[in-house]
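*Asks:* Single-letter residue listing:
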Amino acid sequence: MDPSSSGIQEPFDLIRLSLSERVFVKLRGDREMTGILHAYDGHMNLILSDVEETIMIVDTESPEAQGTVSVRKHEVFGLIPLQYLVLQVAKRKMEMLFVRGDGVILVSPPSR
Amino acid sequence: MDDSPPPPPPEESTPPPPPQTHTGSPTDFLKGVVGKRVIVRLNSGVDYRGILSCLDGYMNIAMEQTEEHVNGKVTNRYGDAFIRGNNVLYISAAEAL
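Read top to bottom, the protein sequences are chains A and B.
Read left to right, the first sequence gives residues 1 to 112 (the UniProt record's numbering).
Read left to right, the second sequence gives residues 1 to 97 (the UniProt record's numbering).
Derived from the structure by calculation, the hints contain no laboratory data.
Each hint should be verified, as a subset may be incorrect.
[As the list claims (entries may be wrong)] In silico SDA-like links for lysine to any residue, alpha-carbon gap of 25 Å or less:
#1 K91/A - H69/B
#2 K73/B - R31/A
#3 K31/B - I8/A
#4 K73/B - A90/A
#5 K31/B - I91/B
#6 K31/B - L17/A
#7 K73/B - E53/A
#8 K31/B - F12/A
#9 K31/B - H43/A
#10 K36/B - P110/A
#11 K73/B - L87/A
#12 K73/B - T54/A
#13 K36/B - L17/A
#14 K36/B - E10/A
#15 K73/B - D30/A
#16 K91/A - R77/B
#17 K73/B - T34/A
#18 K73/B - I57/A
#19 K31/B - R16/A
#20 K91/A - T75/B
#21 K36/B - G24/B
#22 K91/A - V74/B
#23 K36/B - A93/B
#24 K73/B - R28/A
#25 K36/B - D13/A
#26 K91/A - N76/B
#27 K36/B - T75/B
#28 K73/B - D59/A
#29 K73/B - Q88/A
#30 K73/B - V89/A
#31 K73/B - E32/A
As the structure is a computational prediction, the values presented were derived from the model and not from experiment.
Looking at chain B on its own, in the form it has when it is part of the complex (with noise of 0.2 Å):
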């Protein structure tokens, strides 16, 4: 038993790291985009255009200044809003990060 050979090193098998140059993570656009102007699109197809105040951990999204477009047209403006999570569909950056 002793002298057995000793098992092989493990494969390569794990994915290889993301390059250095990566922009980040998910996490880390979203952290970027916070405070910045930004676009909220629904899953109904509906824009909110405002400033990131802050997420959690369901995508729930609170913004300022708040533009809702609707077939490329203002439906309304809120002052401050919440977005439930669950209808978000992508958040995009309206500025330089």
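In isolation and in its complexed conformation, chain A is listed as follows (with noise of 0.2 Å):
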């Protein structure tokens, strides 16, 4: 069926295949994070350790911007080019993490 050679069937697949190995996991909220994948359900919730959160924080204060109220972040994105952006980035870890799944965009299993 999956003419590819990875040999993976359905999307979860790959997700299976990562359990025990570092994730990366793009999330809603311009926020990133890799941890080691121990546990994962349908919903895309996760358990993960060893975790490093990147939380993306967009600064309006660009000419574009100013004078603009309660512009949303990827609206921001869309009408200003990047370099008007002023990305401030804070970093975090944590030990043990439990993401709910309805906030994963985007899971990557270590390149092979």
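Fit the two chains together into the complex; they arrive one by one in their own frames, and the hints show the way.
*Replies:* Here it is as structure tokens:
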């Protein structure tokens, strides 16, 4: 059924093959994290350990953003060239983490 | 009772079937693009270009050789990527089917 060499039949196979491996997770709210995947379920709820979270803080102090009020971040990205965005990055580490599945956008296993 | 007229034949109220030259259902399209290069656009406007490995009924997607594009620029590359289906806006075929 699957013509590719990786031999996965459904998307969750990709996650299953990443158990006990360090995965990259992209989340809603401009957050990314890497951690060791211990468990997951059909909602993509995740249990991660040894987690480093990276939070992108979009500064709207750029000229185009002056005077605009409560512009949503992804709209800012769409309207203003990236060089005008002052990106502040915050990082934090957590030993063990439960990630609620509905916040997950993308999960990438380590490259094999 | 027996000599009452039979009920009239049912009206042709069902929608006509799609013409035979139709290229197929959405499911047929998705089956056709598995293994092909695709562009997946998310609700956030981010594009993922790569080879579609497989997908499921939630439109969860597994992709290979994936490039993340934001505002036309490559912002990340993933050997494999799982995309949670609720984020998907569309899947576009990037090569002939």
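*Asks:* Taking the hints in turn, state whether each one holds.
*Replies:* Right, here's what the structure says about each hint:
no. : hint           : result
1   : K91/A - H69/B  : holds, 23 Å
2   : K73/B - R31/A  : holds, 19 Å
3   : K31/B - I8/A   : holds, 15 Å
4   : K73/B - A90/A  : holds, 23 Å
5   : K31/B - I91/B  : holds, 12 Å
6   : K31/B - L17/A  : holds, 23 Å
7   : K73/B - E53/A  : holds, 24 Å
8   : K31/B - F12/A  : holds, 18 Å
9   : K31/B - H43/A  : holds, 24 Å
10  : K36/B - P110/A : holds, 22 Å
11  : K73/B - L87/A  : holds, 17 Å
12  : K73/B - T54/A  : holds, 21 Å
13  : K36/B - L17/A  : holds, 22 Å
14  : K36/B - E10/A  : holds, 16 Å
15  : K73/B - D30/A  : holds, 17 Å
16  : K91/A - R77/B  : holds, 21 Å
17  : K73/B - T34/A  : holds, 23 Å
18  : K73/B - I57/A  : holds, 20 Å
19  : K31/B - R16/A  : holds, 23 Å
20  : K91/A - T75/B  : holds, 19 Å
21  : K36/B - G24/B  : holds, 17 Å
22  : K91/A - V74/B  : holds, 23 Å
23  : K36/B - A93/B  : holds, 7 Å
24  : K73/B - R28/A  : holds, 20 Å
25  : K36/B - D13/A  : holds, 19 Å
26  : K91/A - N76/B  : holds, 19 Å
27  : K36/B - T75/B  : holds, 22 Å
28  : K73/B - D59/A  : holds, 20 Å
29  : K73/B - Q88/A  : holds, 20 Å
30  : K73/B - V89/A  : holds, 20 Å
31  : K73/B - E32/A  : holds, 19 Å
The structure meets every hint from the earlier list without exception.
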